[in-house]
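*Asks:* The chain contents come next:
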Amino acid sequence: MKFVDEFRSNEYSKLLVENLKSITCNKINIMEVCGSHTMAIFRYGIRDILPPNVNLISGPGCPVCVTPQSYIDTALELSSRKDVIMASFGDMMKIPGRKGSLLKKKAEGADIRIVYSPMDCLIIAQENPSKQIIFLAVGFETTAPMTAVTAIEARKKGLSNLFFFTAHKIVPPVMEALVNDPDLNLDGFLLPGNVCAIIGTEPFQFLSKNFMIPGVVTGFEPVDILQGLVTLVSLISQKDPRISNDYKRIVRTDGNPKARQYMDEAFNLVDSNWRGIGKVPKSGLEFNREFEEFDAIKHFGISYEAYDGGSGCRCGEILKGKIKPTQCPLFKKLCTPENPVGSCMVSSEGTCAAYFRYYKEL
Amino acid sequence: MCLAVPGRVLSIDGDMGIIEVGNLKRSVFLHLTPDVSVDDYVLVHAGCAISEIDEVEAKITLDILKELAECEIRR
Ligand code: SF4
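From first to last, the protein sequence lines are chains A and B.
Per this note's numbering, the first sequence starts with residue 1, numbered consecutively.
Per this note's numbering, the second sequence starts with residue 1001, numbered consecutively.
Keep in mind that the hints were calculated from the coordinates and are not lab data.
There may be inaccurate statements among the hints.
[As the list claims (entries may be wrong)] In silico lysine-lysine, DSS-like type, Cα no more than 25 Å apart, as pairs: (1) K2/A to K14/A; (2) K332/A to K298/A; (3) K14/A to K1059/B; (4) K1059/B to K209/A; (5) K333/A to K104/A; (6) K298/A to K157/A; (7) K1025/B to K2/A; (8) K1059/B to K279/A; (9) K2/A to K1059/B.
From a predicted model like this one, the values you see are computed outputs, not experimental measurements.
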């Protein structure tokens, strides 16, 4: 298919690997922020072909993994209400809460539906006027505009039975928290391509201006990732802390202004809790006054306090790149994708799940 | 959940469009890409087009790689 096959070319990949090996530099740590990058890097075996001095660390870029357990517990509680239909992305279904998971609740009879898009909720709301529909709105800048558009469409259609339990987060502030962490020694970032499609490259300039760390925006096919790594490793070796856009077919410098306009229309920036990382200032999105009629927390009068969970789970250190999943004593033993202990094992984009599927003991 | 796929726009009706991804046809929201036309390529994430694919930029990237590959063969 156009724009897929060419960027999976073996010939180009080989060439880029050769290029990468020819750049000399010391031992370096590169973080891929985005969960889809983590998955793609494993799927295409990119770790196995990297020069030994290049260490890839998987960051906190999987929205399911960074959602605190308290969110799941509250969702479980809401799903027990007889007048509620809950709608969620499939990845959320298996996250363990204190009293099981949404999947378990569904098996017990709760009306929980897996949707592909927040917009599917419009149809559910129309077809079920006597029920209250709650969408579990998680996701980064790539997904938040869709929640905003869905709310606007619901208003246009005069729907008054659709609500959103929001846990939207934005990426740049958590990256700032990571580079400020003295235990982490990051030399460069592979920047999240889909997030940049919305917010552009400007919000990442602080990396080069304040921290002298380069970043490269790149896509998700093997050629994209390898090309991004060639650029990033060259920038690191030349001590050039630039933010380079190597995904120009998708990402414009100013991102997608229309999408940001929808986000600004519906949301306020608030402090937000990241599982395992804690509270990060101004890293979450909450409906503003204009849109509060859609806010499930307000509508159902929920008191919602954030806490992490998963006893023994080391997701926090994994999301910060401090340890690898293989260093967690529960990995592959008590914790598997079928029976996940922590959220990093649940989503297919989670670091522990990626290691579980693809990591071979060396 | 963050997977995004490229597809071609087959038809447009207001804020909605039908796009073709591989052999599949899907109805998607076009709110975030109001300027697309039929036959354009878009990146689709969770039922919504999030970005137009710039074919010129795609070609530039591929041309650079092609050139590199040819240099390699000549060496
Ligand atoms: S392997 Fe399981 S328990 Fe260990 S950190 Fe990962 S998700 Fe948590």
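*Asks:* Next step is simple, just say for each hint if it's right about the structure.
*Replies:* Evaluation of the provided hints:
no., hint, in the structure
1, K2/A to K14/A, "21 Å, holds"
2, K332/A to K298/A, "40 Å, violated"
3, K14/A to K1059/B, "19 Å, holds"
4, K1059/B to K209/A, "31 Å, violated"
5, K333/A to K104/A, "22 Å, holds"
6, K298/A to K157/A, "22 Å, holds"
7, K1025/B to K2/A, "16 Å, holds"
8, K1059/B to K279/A, "43 Å, violated"
9, K2/A to K1059/B, "11 Å, holds"
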